[in-house]
Amino acid sequence: MSFALVKFLPCGTTIPFIRNRMVALGVSIFLMIGSLAAFGVMGINFGIDFRGGVQADVETALPVEDIRAVADSLGLGESKIQASVAAAGERRSVLVTMPLQEGEGLEGEEAQNQAVLDLRAGLEAGIEDAQILGTATVGGAVSGELVVKGVTAIVVALFFMLIYIWFRFEWQYSVGAIVALTHDVIATIGFFSITQMTFDLATVAAILTIVGYSMNDTVVVYDRIRENLRSYKKLSVEEVLNLSINDTLSRTILTSVTTLLALLALYLIGGATLQGFSAAMIWGVLIGTYSSIFVAAPLLLFTNVNRSTEEDVDVVKF
Amino acid sequence: MMHFGPSKLITILLVVLLGVLFSVPNVVPYEQRYQLNDAGEYEAQGVWRYIPSSSVNLGLDLQGGSHIVFQVNMAEVRDQQLEALRSDVEQALRVDGRRIYRSVAVIGDEVVAMTVQAEDRDTALQRMQDLSEPVDQQPGAFSIDQTLEVVSGGADEPNVVRARITDEQYAAIESRTVQQSIEVIRRRLDGMGTTDPTIVRQGDSRVLVQVPGADDPRAIIELVGASASMSFHLVDETIDPGIDGQARVPPGRAVFPVASSDGGGFVVVHSRATLTGDNLANASVTTHPNYVGPVVGFRLDTQGSLVFGELTQQNRGRRFAIVLDGEVISSPRINEPILSGSGVIGGGYTYESATNLVILLNAGALPASLTPVEQRNVTPSLGADQIESGRLAVMIGFGLVIVFMVAAYGILGLFSTLALLVNVVLILGGLSGLGATLTLPGIAGIILTIGMAVDANVLIYERIREESRKPNSKPAKSIETGYQRALAAILDANITTLIAAGVLFMLGAGPVRGFAVTLGIGIITSVFTAFVFSRLLAVVWLRATKPQKLPV
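From first to last, the protein sequence lines are chains G and R.
So in my numbering, spot 20 of the first sequence is number 20, and the numbers just go up one at a time.
For any residue, its number in my numbering is found by taking its place in the second sequence, counting from 1, and adding 318.
Note that these hints are calculated values from the structure, not bench results.
Where hints are given, some of them may not hold.
The list that follows gives simulated cross-link-like pairs (lysine-lysine, PhoX-like), each with its CA atoms no further than 25 Å apart [stated by the list, open to error]:
1) Lys788(R) <-> Lys233(G)
2) Lys326(R) <-> Lys795(R)
3) Lys795(R) <-> Lys864(R)
4) Lys788(R) <-> Lys234(G)
5) Lys864(R) <-> Lys326(R)
6) Lys867(R) <-> Lys795(R)
Given the sequences, and given the hints that come with them, work out the whole structure.
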């Protein structure tokens, strides 16, 4: 290799992350309160997976207002129109969503099934250049179960990760990791409240991946903290924490950048279906990186991390 | 640590080779891998007979198709079961041909029997308890659960016995009903000629049907959702059904609407079915001189033929009705005895509607009605667009990561991108080999893995960098220590992500599952490529060039 390597960061940084932990705490508290407030005020724009309803993906050049007029006239309730970006007058894919149809039990399901037929026929009749690319209905029973499943998945995943961290490290670390992860999940919910992006099954997958990614980041920092606590017996815990964050800083940033690059490609090219997913992931990588540095590590100061080496799990042999 | 023995080397190369073998089919067109054989089926041809020939299964969102979840209507089955129990109890409560009950009725979810005399109650209790048997579970499974729970009434009802079907029995019935439904659906879809439909039980009482390539779910719902319970009844022409079909008919008679294709209106028939669809041996589309257009020909089984022969012999000149799902589809007059057990149903069929009826009749009736509760369908053209944009996103993401890694770590970065390439090949091979399904979120999973897989390499290289900055460091020693010390962090980090993927796989639905599979496979392969494969490259490079200083 004849060219000079790009040094993204100077080696051996000594940024005082821990000393400024109160600033980070303030930022995080603000983020949490803001997210919860946004969730309380604006709610979340749940997709039909969680709210039930009828949806058609139609390709047309018609302006959104005209599509809305056609959809609203079908007697299926108030429509929600979501068009992918395109120049005016150009054909693009438009998602037309109708609310869950009323009715008890099987009657409601039948109403849903009729509604999707009506929606398809109505759009084809009312929009001259319409081409239906896909349709979907999710009934009341199924959507309720999907909500339960989604929440269960996130809680169960958090629980198992907590157990794993506890097993590999010590309880102080697992408390820190869980607080950081909960922080990330709440911040992501806030992100979805503020942007009003559709929250569906794929979003749950995105959140779980964010949890996985953030945990990944946190574990790398913790791993270094554990090692440095053993190596630098003379440094105070605060100094060790700061040293460990700085030690891993260049890795943290490099990995975040490569992941962000890949996600950015997905966001820009992946099409309408993956846009919400990749936007959530991009946000998650940013917030996950932040939380492992500013939340997970400083928390060890508060939980009084154990310096003794009796429980040391030694270097894994490969 | 830095020494790779021959066995280790062979294992690594073998894994990579297997990955390549399993992923190659994905870049060769289907027609080159398979050919039609004499039996009209596609089989691997040429070299593909000896090496893996199947490519990745594409999810419905990528190849287009219909995804429909049907709810099996268990309330219906429960009512049937209670009614059957009621009639069994009536049978059981006869002592020497004498009825000992005053009434037996279904009340709520119980069958309540009231004896004529209070002293008969113990006999009734005993006899009703005898109706209970161990719940019929999977063959070989020992069951201590009973089908019925029979109790005497309280002090204020001295001649009452109540029987309830136990929850365990309901669960067994539910399983059986769903299983039967799946079989019927499979026969129907096979009859329709669909390619590789997926039909699986979902939850307790739902059936998931996935039909690739079908872009309009309506035809499938129509075919799958029809109960198709067929029965033959004698027509009672002495009673006028009335114009609106509301006429009061004596017990043992019933009014059925007549299909518009058969003239419409109503007809009165004997409620008791002479024959049911179970007696049908087979049906086919055919023609008949008496009818214009196609007709549906049917043949009864041996027992059905006997009954039908007797019926037609004794009722010459009368009409019989063929009832399908509560509607009379044909009611021909019996001109002569039909002893062969075959006949035709005619009247206004198109080729398509006749074919549909034939499929339904051949596949048999559903044990309970089905209601779609979730439908998703994607046209193949949208699917193709999504594959295209997914592929582009993978390539661009990959390219960006390569540029970035080489810029940051030079030759080592190149090794990591080679490892990344092998990683993608292994993921593809793993998906193909396991027969897993690639969905759009699955592609997102691959892209995410590309971004995260370099994490292990970054961890290692940062460690190597640290080591090589120490005074008197030797390249070989730095690399060895770097790999060694990064291992714990790599394993911890990846195991936690693997936990997330595992949970997603177990609890997730549909496309999310596809995402979990690619993420899970990607994590495992990325640890292999980043830790083992890239190390091999580094060792080979060290031996070949013997550098004095590491370019990191």
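Here is what the structure says about each hint:
| no. | hint | in the structure |
| --- | --- | --- |
| 1 | Lys788(R) <-> Lys233(G) | holds (20 Å) |
| 2 | Lys326(R) <-> Lys795(R) | holds (20 Å) |
| 3 | Lys795(R) <-> Lys864(R) | holds (12 Å) |
| 4 | Lys788(R) <-> Lys234(G) | holds (21 Å) |
| 5 | Lys864(R) <-> Lys326(R) | holds (22 Å) |
| 6 | Lys867(R) <-> Lys795(R) | holds (11 Å) |
Consistency note: the structure conflicts with none of the earlier hints.
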